[in-house]
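K.L.:
Sequence:
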Amino acid sequence: MKRMLFNATQPEELRVAIVDGQKLIDLDIETAGKEQYKGNIYKAVVTRIEPSLEAVFVDYGGERHGFLPFKEISRSYLKENADPARSRIQDVLRDGQELVVQVDKDGRGTKGAALTTYISLAGRHLVLMPNNPRGGGVSRRIEGEDRAELREVMSNLDIPPGMSIIARTAGIGRSEEELQWDLNYLLQLWRAIEDASKTQSG
Numbered sequence: 136m137k138r139m140l141f142n143a144t145q146p147e148e149l150r151v152a153i154v155d156g157q158k159l160i161d162l163d164i165e166t167a168g169k170e171q172y173k174g175n176i177y178k179a180v181v182t183r184i185e186p187s188l189e190a191v192f193v194d195y196g197g198e199r200h201g202f203l204p205f206k207e208i209s210r211s212y213l214k215e216n217a218d219p220a221r222s223r224i225q226d227v228l229r230d231g232q233e234l235v236v237q238v239d240k241d242g243r244g245t246k247g248a249a250l251t252t253y254i255s256l257a258g259r260h261l262v263l264m265p266n267n268p269r270g271g272g273v274s275r276r277i278e279g280e281d282r283a284e285l286r287e288v289m290s291n292l293d294i295p296p297g298m299s300i301i302a303r304t305a306g307i308g309r310s311e312e313e314l315q316w317d318l319n320y321l322l323q324l325w326r327a328i329e330d331a332s333k334t335q336s337g
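Under my numbering, the first residue of the sequence shown is numbered 136, with each subsequent residue one higher.
Just to be clear, a hint being listed does not mean it is correct.
[Said to hold, decoys possible] No more than 27 Å apart at the CA atoms, straight line, and that leaves these computed lysine-lysine pairs for BS3-like:
1) 240 / 137
2) 246 / 173
3) 158 / 173
4) 137 / 246
5) 333 / 240
6) 246 / 206
7) 214 / 158
8) 206 / 178
9) 206 / 333
10) 333 / 173
11) 178 / 333
12) 214 / 333
13) 206 / 173
14) 240 / 158
15) 178 / 246
16) 240 / 178
17) 173 / 240
18) 178 / 137
19) 214 / 178
20) 137 / 173
21) 137 / 158
[Claimed, not checked] Quick list of the computed label-pair ranges, beta carbon to beta carbon:
22) 291 / 149: 38 to 46 Å
23) 149 / 216: 30 to 38 Å
24) 223 / 142: 25 to 33 Å
25) 331 / 230: 31 to 39 Å
Hints in this document: simulated from the structure, not taken from any laboratory.
No residue lacks a Cβ here, since even glycine has one placed at the ideal position from N, Cα and C.
Let the sequences and hints guide you as you build the complete structure.
P.N.:
So this is what it looks like as structure tokens:
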């Protein structure tokens, strides 16, 4: 059985853990007075390629440079015809290269934030993954008939190629029109992010 546990014994720190039996599923720590960046999207510039870590460090405007693992870099940023499975990071990326990144995990202590280029935009009923065609589906929390019904409605949505969506629990019982409206809003948001990333300097 999944449970959410809170530890707010210290006024300056809130800890939230999600556990399934004795297994830790997720842990989130929020520090009072410290700004949270998780989920924020930035235009970043590659400042250092680290082949030994199979990662790059990027300047995204944070206090410390962000850490971006190779597996979190979308194919669209790699040199043309590069196969990520067979390529070395230093051969497919370059210093000074610009990327759009999302904070996956806030920085802690001396470590910078962990980043990804696989963006996810959460709407009311759906989550849009604009550069991840392999993602998508229905939230794991939705089961049985609701899951099948939602999958059927989602199959009728107009999803652009190269993108995918996840139905959130709030999507249960929603019409195709409501879900398409949410998707259109998220697509418009993604286009605005793309346009801003092309006109703004990194």
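K.L.:
None of the hints should be skipped; say for each whether it holds.
P.N.:
Now for the hints, and whether the structure bears them out:
1. 240 / 137: Measuring from Cα to Cα gives roughly 22 Å; hence the hint holds.
2. 246 / 173: Status holds; Cα separation ~14 Å.
3. 158 / 173: 23 Å, holds
4. 137 / 246: Distance of about 30 Å is beyond 27 Å: violated.
5. 333 / 240: Holds - the C-alpha atoms of residue 240 and residue 333 are around 25 Å apart, at most 27 Å.
6. 246 / 206: 19 Å, holds
7. 214 / 158: 40 Å, violated
8. 206 / 178: The given pair, whose Cα atoms are some 18 Å apart, holds under the 27 Å limit.
9. 206 / 333: 24 Å, holds
10. 333 / 173: Distance of about 23 Å is within 27 Å: holds.
11. 178 / 333: Holds: residue 178 and residue 333 sit about 9 Å apart, inside 27 Å.
12. 214 / 333: 18 Å, holds
13. 206 / 173: Measuring from Cα to Cα gives roughly 19 Å; hence the hint holds.
14. 240 / 158: The hint holds at about 20 Å.
15. 178 / 246: With Cα atoms ~20 Å apart, residue 178 and residue 246 stay inside 27 Å; holds.
16. 240 / 178: With Cα atoms ~17 Å apart, residue 240 and residue 178 stay inside 27 Å; holds.
17. 173 / 240: Measuring from Cα to Cα gives roughly 6 Å; hence the hint holds.
18. 178 / 137: This hinted pair is violated, its Cα atoms lying about 36 Å apart.
19. 214 / 178: OK: residue 214 and residue 178 at ~19 Å, within 27 Å.
20. 137 / 173: 23 Å, holds
21. 137 / 158: 9 Å, holds
22. 291 / 149: 38 to 46 Å: 41 Å, holds
23. 149 / 216: 30 to 38 Å: Taking Cβ atoms as reference, residue 149 and residue 216 lie about 47 Å apart, which means the hint is violated.
24. 223 / 142: 25 to 33 Å: For residue 223 and residue 142 the Cβ distance comes to about 43 Å; the hint is violated.
25. 331 / 230: 31 to 39 Å: Distance hint for residue 331, residue 230 is violated at roughly 23 Å.
The structure fails hints 4, 7, 18, 23, 24, 25 (numbered hints given earlier, in ascending order).
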